[in-house]
Amino acid sequence: MAKKESSFVNMVITLFVITLTASIALGFAYEFTKAPIAVAKHAAKMKAINEVLPEFNNLPNEEIYKKAIDNDTLYFYPAREDNKLVGTAIETFTNKGFSGNIKLMVGILPDGSINDIVVLEHKETPGLGDKMSKSKSDFSLQFQGINPENFDLSVKNDGGDVDAITASTISSRAYCDAVNRAYNAYLKGGKK
Amino acid sequence: MSSILITILFLSSIGIVAAIILYLFAQKFKVLENPIIYDVEDALPAANCGGCGYPGCRNFAEACVNSDSLDDLYCPVGGQETMDIVANLLGKEAKQTDPRVAVIRCSGSFKNRPRTNHYDGASSCAVASALYVGDTDCPVGCLNMDDCVEVCEFEAIYMNRKTGLPVVIDEKCTACGACVKACPRDIIELRKRNKKDRQIFVSCINKEKGGIATKYCSVACIGCTKCFKVCEFEAIIMGNNLAFIDSDMCALCRRCVPECPTDAILEINFQPVRTKTDKENKTASDKISEKVKADIKE
Amino acid sequence: MNFIIIIISAIFVNNIVLAKFLGICPFIGVSNKIETAIGMTGAVTFVMVIATIVTYLLQHYILIPFSISFMQTITFILVIAALVQMVEIMLKKVSPVLYQALGIFLPLITTNCAVLGVAILAVQNDYNLIESVVFSIANAIGFGMALLIFSGIREQLELVDVPEPMRGVPIAFIIAGLLAMAFMGFTGIV
Amino acid sequence: MNKLLTVSPSPHIYGKDTTPNLMYGVIIALIPAILASILYFGWGSVIVISVAVISSVLFEFLIQRFLLQKKTTIQDGSAVITGLLLSLCLPSNFPVSLIILGSLFAIGVGKLSFGGLGNNPFNPALVGRVFLFISFPAKMTSWPEAKGFQTQFIDASTGATPLNIIKEGLGKGDSISHLMDKIPTYQQLFFGNMGGSIGEVAAVALILGLAYLLLRKIITWHIPVSIILTVVIFTGILWLVNPAQNADPLFHILSGGILLGAIFMATDYVTSPMTSKGMILYGICIGILTVVIRRFGSYPEGVQFAILIMNGFVPLINYYIKPKRFGEEVKNG
Amino acid sequence: MRINQALKTYKRGGIHPAEYKLTDKSPVQILPLPEQVTILLSQHIGVPAIPVVSKGDTVKVGQLIGHGKGFVSANIHSSVSGKVVKIDSLPDLTGYKKPAVVIEVEGDEWEENIIQSTDLKEDITLSEDEILEKIRESGIVGLGGAAFPSHVKLILPKNKKAEALIINGVECEPYLTSDHRLMLEYGEEMMVGIRILMKVLNVRKAMIGIENNKADAIYHLTDIASKFPGIEVYPLKVKYPQGSEKQLIKALTGREVPSLKLPVDVGVIVHNVSTAYAIYEAVQKNKPLINRIITVSGKSLKKPSNFVVRIGTPIQFLIEAAGGLPENTGKVISGGLMMGKAFNSLDVPVIKGMSGILVLPEDETKRKTIEPCIRCSKCVTVCPMGLEPYLLMPLTQDGNFYRLEKEMVLDCLECGSCSYICPANRPLLDYIRLGKTDVNKIIRERR
Amino acid sequence: MGTTKEIKHPGVITSIDSSKIKVNITTYSACSSCGAKGICSISDVKDKMVEVSNTGDFSVGQEVQVILHQTLGFKALYLGYVQPFIVVLITLIITSSLTRNEVLAGLISLGALAPYYLVLYFYKEKIRNKFTFAIKKQEQ
Amino acid sequence: MNQWKNFNKGFFRENAVFVLYLGLCPILGVTTSVINGVGMGLATTFVLLMSNIVVTLVKSFIPDKVRIPSFIVIIASFVTIVELLMQAYLPSLFNELGLFIPLIVVNCLVLGRAEAFASKNTFTSSVVDGLGMGLGFTMALFFLGGVREILGSGSFLGFKFIPGDGILLFILAPGAFITLGYLIMLMNKINKKTA
Ligand SMILES: Cc1cc2nc3c(=O)[nH]c(=O)nc-3n(C[C@H](O)[C@H](O)[C@H](O)COP(=O)(O)O)c2cc1C
Ligand SMILES: Cc1cc2nc3c(=O)[nH]c(=O)nc-3n(C[C@H](O)[C@H](O)[C@H](O)COP(=O)(O)O)c2cc1C
Ligand SMILES: Cc1cc2nc3c(=O)[nH]c(=O)nc-3n(C[C@H](O)[C@H](O)[C@H](O)COP(=O)(O)O)c2cc1C
Ligand SMILES: Cc1cc2nc3c(=O)[nH]c(=O)nc-3n(C[C@H](O)[C@H](O)[C@H](O)CO)c2cc1C
Ligand code: SF4
Ligand code: SF4
Ligand code: SF4
Ligand code: SF4
Ligand code: FES
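Chains as they are written, first to last, in this note's numbering: chain A, 4 to 195; chain B, 14 to 311; chain C, 2 to 191; chain D, 372 to 704; chain E, 490 to 936; chain F, 5 to 144; chain G, 21 to 215.
If you're looking for bench data, these hints aren't it; they were derived computationally from the structure. Among these hints, one or two may not hold up.
To be verified - Ranges of calculated distance between the beta carbons of each label pair, as one might list FRET restraints: (1) B:E247 to E:E816: 53 to 61 Å; (2) B:K175 to D:V596: 50 to 58 Å; (3) G:N115 to C:I39: 31 to 39 Å; (4) B:G252 to D:L375: 29 to 37 Å; (5) G:W24 to A:L23: 33 to 41 Å.
Cβ atoms here follow ideal geometry from the backbone N, Cα and C, with glycine treated the same way.
Kindly generate the complete structure, drawing on both the sequences and the hints.
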């Protein structure tokens, strides 16, 4: 194969042409996928909000507001059915997990009771800590419908009302911590 | 649409800058590697054995490319064929080198050399040789502790446990010379490879006078000069009570073989002609060569 | 405190090689000599830091403002490659001898996926500039440490009789696995 | 003279120690710990120990014989030790199938992949243990209480180990003085009447083993003493600085696997440094890592990881730390 | 009877093999003359001597038969009177052939100038140079094992000065008692020998190091030492290889001879007790080195004894004198169990450096099968030189000479402690010795 | 060949003049057996020339060993990578704490490389004298 | 040129992972399950194939000195396209593969093929080569992912056939190394036998 001579001009031109073509291709690819990506990005969160709250017909992620409470910033997604607040999904977290942070979506009804909780993100040990996910065990079901006002959000070991996951007290405790954080934030002005 | 424009602008400018940098870079340095080295290297067997005298095939390839003639360069593993290919690639002449093969110049099998003591140290010819004469009284014979076998990368030597002598598998031997270096007793010689791997040589390096030598080994060369006298090709050299057959001169006429009173001359890979002697050595040497054949077939 | 966490995390807990699987090729392939491992670490640290600074600036002051972060991959790789070359040119120009000495000393595998990986990770973790730099240094040290332990074990294994089929790359992976297992002990320290 | 003389290089006499001798010495040193474990955990312990030992030896035999096609070396006793030590750091209710899996990993991956005795860079028993610990954390962290033969092992009530109690307690913000009430007394810790792996609970039995090993000169003092001293000093400092958050040194030494690890596992010849200076450095690092993992990491126990991590550094220690050569000390007389 | 004072010793490494000093109570017997002696012309480290007699010559006891030419070499004298029957190459104890003179014994006629009386001659009349010349002429070599020509050691390099003389009466090898008996029976003569050495070296102080298992020798020598100013006796803890000069110097003076350096570099010269005695005889009695004390011992031997033996006597003859070779003999060793060389045949003559002949039964000598190194570090602990035998062996097998050199393989004393202790029966020293040879070779090439 | 205090490299002499010998360093022999040879570097320009002072008796095309002391290798590493790294780091810390402006800090710290190399450039001769290579004939 | 041979070379005889030891990072990083492994493998195959195609098409226009930068731009563009497409249509897979998608750029395999093969060979050979290499890579990921998923979670392709949790180690980092180690050993043995 005959190799092309490398001269200054043809080097610059070739590279220019190639980058030009590449960038045009990329630019179009980006434009093309822009919308689906945006949808996909929010899909997970929307799914979680849908799960933890009762029926609503607004777009909670467009009404998102954040609140800094005790140095922690939490995100609130108010859900409304015909403009009436039916609940608020709160994206909360804890760093007390067995390994790393845990992110939850907690759905709180206007009366302050918990509707449902889903786990957004965690690094807990599969088979142990990950039992807090709904798909893995019934641990999270015990939170449905309770009102923290008359339910101590800490594990029974620590004198609370929560049944810990067997052999995963730490994860359970962290879970409670995250829920508590959401609830406190909700009380301290997250309630809108 | 603006993002497409920005994309284009940004990436293209990176492209131009990169091109300029590369241009400057290229200006500064020229390609030094001769790409043909790769081709030469590909033609080599990639054994990296060092038999050519270079640390690896790659270095040998460079030597081939960079030197004016290939006269001093030879890859024993690839042999003449490879050298011809290399020569072809480089447009140079390859010197015609005779292929070689290793032979063991000791016939002091267990039967031929009475054992005078029992060695119980580390199993290494080098260790034993540095310590003492060995478990027979022969100070130059094979110690049969496998130093040569271990060092051969081509599995071309094995130890015949019955005779206590190493055997070279002619077909596998590449004449890399590793065993020659490893043997503390300098028993192994690289000899010219003949047709059908035939070989005639004095299988002994003992320089003692005959009387003493035969005391500890029944097949020692006693320096009687009988073979020397009968050789028509001046292939046999006498010296220090020892005969040596120069493989480059030997015509494989087999005349010397029956002359030797101690059967110190071995013929390998010939049809057996002689049955008159029933000495263990003779039969052993034939057996060795047949055994080799059998082994290869396996 | 934040820096300490970043450092410990990158060296021990999320070691770039043993937990993040980056830079495996040089890890497995580079000469198994202890000295070379040390040399590599020095070179990799420099390259990673420089790369991180440049990519950080690119990301935060060009890609994000112009909202073309999807160009991350292509720009990062180009910029890193060009940068590494530029440093080499500079070195060569400034002191040819020095450059030659380095060339003999190290197999310069300075552009590997660990460098790009660290640059991207620094961006993903939302670090600021200083944090990114600390992060990349710590990762380089983590890389060096893993490489060093590894070369030590391999040098030792050269003296013993490893079963034929395991020799070389397979046993290297087993060692890496057991090492990774041991390093799991650091889980949760940060 | 009809018989042939034997010739060999010097020396012509040899000491009495042989590999199997040393290995069996270690097994003897483990007997008190084995007895203590049986005393406290009853049948569970018997089953765990015998399954681990038998399967380790069996795997060593099978792999060497059929996969590696080498001479088998099960008679040298090292596989027995691996099995024993693996079992001694398991809970007494550990499922048999998993014990077998652990032995397979210890012997197959940890030892024979490298060619067997003498070649492995990591301690096989610990490789097995950590493998099980990481793979089956739930089963590895339910500790039947020490109840001896009175209770049926199958349904023994599980309790936390002292270290677990501390780790957990601190995790939820309790102070040490408060937690100390919940853990066994020092006397219990010393004699082993508590929850934990079957072999690590009885400090006294392990110390007996140490005495035997030292007396028979199977091991030297360097590794165990440097580990234990480091742990004492390090935890001592933490304790003095903040007694509310840190348990005292004695508690740290007596609870968990520090003694078992320091005496029997860190001292494994194959995976520990060759020089006394190296051994002390190795011991100090193990001590520090153990405390760091216990105090700051997620796992309540850190010895096993600390030893394995330091196993990785051993070749480097051997490379850089050389014995003091004769003639280095320039004259002083 | 043991001495209960703070015993000196060296710190690093060392082992304590069973002592088996079977002959420490047997007085030295004079062995009758054999019919024929074979005197090797190379009995020392260095250049072989050149024969100065020819076949058919008659020689007297003490007559020069080999001239040591070159700086490091030693004269060889006839140990018997009789006729030279052969000058040929004959196997030494390695089995390789070396030049030798064979003499048929006729009578026992000594050179005239040799004083045969056993009276102690205490006053040293010769000057330093005369003494040195005497020692050189008499073919004295170190009798402690290395057979290094003694006069060479006594000629100090120009810029070096000796501060003390150390006399090596350690005899740390199992079985051997020749030095022990010499100290008991020829103590005074030896002391005079030491005084001679002190005079040549111009030192005021001589220290005799003796291990604690020879208490009688310690008492005896301490007793008579009072008569010899400057000489002191030091009891030492029993530990192998304390007899090695580097270790002995460390034990007695606390000084360490640096790697690849000589004892003079720390201001000491070491000589063996037997050497001191041989020097006494050479200087005071004009007697060259023609005989020595040899321990013939072994548990299965009928009469283990200490003999005064003429150089060149066949080994077979000594063994017969000690009761004959027992049935179950496996190995016969020249020297000690730890450092000695095994004979491959008994048709070998006694040489100057031979301090003992040990007969070992078969079952005691078998080496066990080699197992993989378990990295127990016992060899490292035990190495008196602070080396790492477990590493040196595979490095030798790999041919990694550069690393071997860096790991200081050349410092190895070849004491064998590592092979002795290794639980995996590894032939460490076998390979280390090979490694030393190879490293020496590359060092020579480098020059 | 294990560890030596020297680093050796095979090379081929490409030119000789009265005082200098130029040696072309050949790539690692370990690389030559690698499947990815020739493609592992981002650039295809293989610049590995070494200048050695002429100590006689060498000829063009000859195979030689280029020898560098290990300590020099580390020294080169220090000057070439470690020291500039430290310079960058320090400038970064100082400028960012002074300016609190990331762009500026980043650019200045990268720019700090320029003066560093300038300084290095002034020391060129010194460095040249320090880093001496030796060449030796190929051991046969 | 026998195209089948050409394909088989990349697919088996010179398998990037098992024989050439290239592109090891993604191999280890993404094989916690078969799906992830195969996803990554196909993504890489796509990039490999496309860049091979483009490179052989433009090879004669590119001056030598800018060859490699040009190839990088080409490869990086395809990687970005894959990245964007995955983000849009396979977001969950994209999240799992994470960092390793952009890292396809530095996978020596891709650049190596462009440089060593596509820039020297015909269009068809390059396509076949890209397919062979890519599918060989995918196969390696498939096996590694398969073994790890079966041992680690007791399931295959997400279908759980062993109750319980499986051997956790195998889905964690150490398991990746160890499994790959033994797979390479097996491959060595097979290669030796067939050779
Ligand atoms: C490998 C491993 C992983 C673990 N993962 C978790 C986890 O994800 N979550 C958790 O709370 N505890 C985890 N643990 C901690 C133990 O299960 C610990 O004993 C437990 O938290 C305390 O026991 P309890 O929950 O039964 O009181 C893990 C332990 C190990 C060994
Ligand atoms: C080659 C060589 C040269 C020696 N040169 C001297 C010397 O110049 N001066 C000296 O006092 N000793 C010299 N020695 C003697 C040694 O120091 C030592 O005393 C002798 O080798 C016997 O010691 P050993 O049995 O402990 O090995 C030399 C030894 C050898 C092997
Ligand atoms: C390991 C070893 C052990 C030795 N043991 C003794 C010993 O027990 N007695 C002795 O006199 N020399 C012994 N030597 C020899 C001494 O090192 C030294 O050569 C000798 O004392 C010098 O004296 P000489 O030249 O008079 O023989 C030993 C040497 C070595 C290397
Ligand atoms: C003092 C001593 C401690 C040992 N400790 C262990 C151990 O912790 N784990 C183990 O598997 N083997 C142990 N062994 C046995 C043996 O050394 C081990 O199986 C090797 O690591 C296998 O190569 C020990 C042996 C000795 C002599
Ligand atoms: S037999 Fe000797 S010469 Fe022949 S290949 Fe083997 S080592 Fe080389
Ligand atoms: S030929 Fe040489 S190396 Fe081979 S076994 Fe005989 S003595 Fe040893
Ligand atoms: S023989 Fe050498 S290496 Fe072995 S213990 Fe003695 S001095 Fe050390
Ligand atoms: S004594 Fe033997 S087993 Fe122990 S470390 Fe030394 S060589 Fe290895
Ligand atoms: S893929 Fe090769 S270094 Fe990561």
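Consistency of the hints with the structure:
no., hint, verdict
1, B:E247 to E:E816: 53 to 61 Å, "57 Å, holds"
2, B:K175 to D:V596: 50 to 58 Å, "57 Å, holds"
3, G:N115 to C:I39: 31 to 39 Å, "37 Å, holds"
4, B:G252 to D:L375: 29 to 37 Å, "34 Å, holds"
5, G:W24 to A:L23: 33 to 41 Å, "38 Å, holds"
Comparing the model with each numbered hint stated earlier shows that all of them hold.
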